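J.: Sequence:
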Amino acid sequence: MARRPLVMGNWKLNGSKAFTKELIAGLKAELAGVEGCDVAIAPPVMYLAEAEAALAGSAIALGSQNVDVNVQGAFTGDISTAMLKDFGAKYIIIGHSERRTYHKESDEFVAQKFGALKEAGLVPVLCIGESEAENEAGKTEEVCARQIDAVINALGVEAFNGAVIAYEPIWAIGTGKSATPAQAQAVHAFIRGHIAAKSQAVADQVIIQYGGSVNDANAAELFTQPDIDGALVGGASLKAPAFAVIVKAAAKAKN
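Sequential numbering from 4 applies to the sequence shown in this note's numbering.
Mixed in with the good hints, there may be bad ones.
[Unchecked claim] Calculated cross-link-like contacts (lysine to aspartate or glutamate; reagent style DMTMM-like; alpha-carbon spacing at most 25 Å):
| id | residue 1 | residue 2 |
| --- | --- | --- |
| 1 | K31 | D89 |
| 2 | K251 | D89 |
| 3 | K93 | E135 |
| 4 | K142 | D152 |
| 5 | K20 | E38 |
| 6 | K88 | E25 |
| 7 | K201 | D219 |
| 8 | K180 | E111 |
| 9 | K251 | E55 |
| 10 | K242 | D219 |
| 11 | K88 | E135 |
| 12 | K201 | E145 |
| 13 | K242 | E25 |
| 14 | K142 | D81 |
| 15 | K93 | E161 |
| 16 | K121 | E108 |
| 17 | K88 | E108 |
| 18 | K121 | D89 |
| 19 | K257 | D219 |
| 20 | K180 | E144 |
| 21 | K142 | E101 |
| 22 | K93 | E111 |
| 23 | K93 | E55 |
| 24 | K180 | E145 |
| 25 | K201 | E139 |
| 26 | K15 | E135 |
| 27 | K20 | E55 |
| 28 | K251 | D207 |
No wet-lab data here; the hints were simulated from the structure. These figures come from a predicted structure and were not determined experimentally.
Produce the entire structure from the sequences given, and follow the hints as far as they go.
T.: Laid out in structure tokens, this is it:
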């Protein structure tokens with residue numbers, strides 16, 4: 004079956020009320036009439052209300068950069084699945100290398116978040132990927148398998164039905180160094196094969212995005228690869244024209 008590509012913008016710790024409204028207005032104008040690619044943005048959680056209002060009537064979906072495993076209670080500073088749903092958020096990023104590194108989030112904790120999102124009917128966008136040292140030591144596949152297996156061991160392979168995996172080599176995030184299309188495709192094929200070993204049907208439909216210095220210059224070539232189903236975009240998602248070029252490249256390459 005043909006997988007519909009997903010291009011998602013991760014705004015990280017950027018933006019303001021005015022910026023959110025302006026960027027979304029720009030995206031709506033740039034992407035009017037573009038079909039064949041799902042599009043989502045993940046602004047900081049502070050701006051979900053502004054984003055929800057600004058996105059009304061457009062095909063762009065709302066996402067978030069994180070979620071907690073608890074639904075309510077004495078968990079100061081945390082955000083629940085129910086709150087995200089209240090704002091119409093759909094795609095929720097979990098396991099980003101910045102969370103794993105700065106907040107010491109373990110594979111098991113990320114898998115718990117995955118389960119909480121599935122239970123709430125939200126779409127997990129599970130970030131996986133290796134560091135530069137792990138890449139140089141030839142451990143790319145080992146790291147990706149471990150991070151995926153944390154979810155499979157906790158929830159079963161069927162948890163990846165209707166889910167998204169974002170392969171983000173840590174050495175390529177925000178560094179300007181992107182994996183070559185062939186390098187990225189090899190890892191994506193490994194990831195899909197790893198899931199296929201448990202269930203071919205699940206592997207065939209899971210969206211595997213590439214992330215890591217994706218920009219308007221390198222996107223088109225990445226999307227020609229058979230197992231790259233779109234992108235999780237960082238810096239380039241903060242500029243409507245650049246993000247639109249990436250979305251259009253995905254729509255063109257996959258249709």
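J.: Each hint: holds or not?
T.: To see whether the hints hold, each was checked on the structure:
no., hint, verdict
1, K31 <-> D89, "holds, 22 Å"
2, K251 <-> D89, "violated, 30 Å"
3, K93 <-> E135, "violated, 31 Å"
4, K142 <-> D152, "holds, 15 Å"
5, K20 <-> E38, "violated, 28 Å"
6, K88 <-> E25, "holds, 23 Å"
7, K201 <-> D219, "violated, 35 Å"
8, K180 <-> E111, "violated, 29 Å"
9, K251 <-> E55, "holds, 23 Å"
10, K242 <-> D219, "holds, 10 Å"
11, K88 <-> E135, "violated, 36 Å"
12, K201 <-> E145, "holds, 17 Å"
13, K242 <-> E25, "holds, 10 Å"
14, K142 <-> D81, "violated, 33 Å"
15, K93 <-> E161, "holds, 19 Å"
16, K121 <-> E108, "holds, 19 Å"
17, K88 <-> E108, "holds, 23 Å"
18, K121 <-> D89, "holds, 16 Å"
19, K257 <-> D219, "holds, 16 Å"
20, K180 <-> E144, "holds, 19 Å"
21, K142 <-> E101, "holds, 19 Å"
22, K93 <-> E111, "holds, 22 Å"
23, K93 <-> E55, "holds, 11 Å"
24, K180 <-> E145, "holds, 22 Å"
25, K201 <-> E139, "violated, 28 Å"
26, K15 <-> E135, "holds, 21 Å"
27, K20 <-> E55, "holds, 12 Å"
28, K251 <-> D207, "holds, 23 Å"
Taken one by one, the earlier hints fail for this structure at numbers 2, 3, 5, 7, 8, 11, 14 and 25, listed in ascending order.
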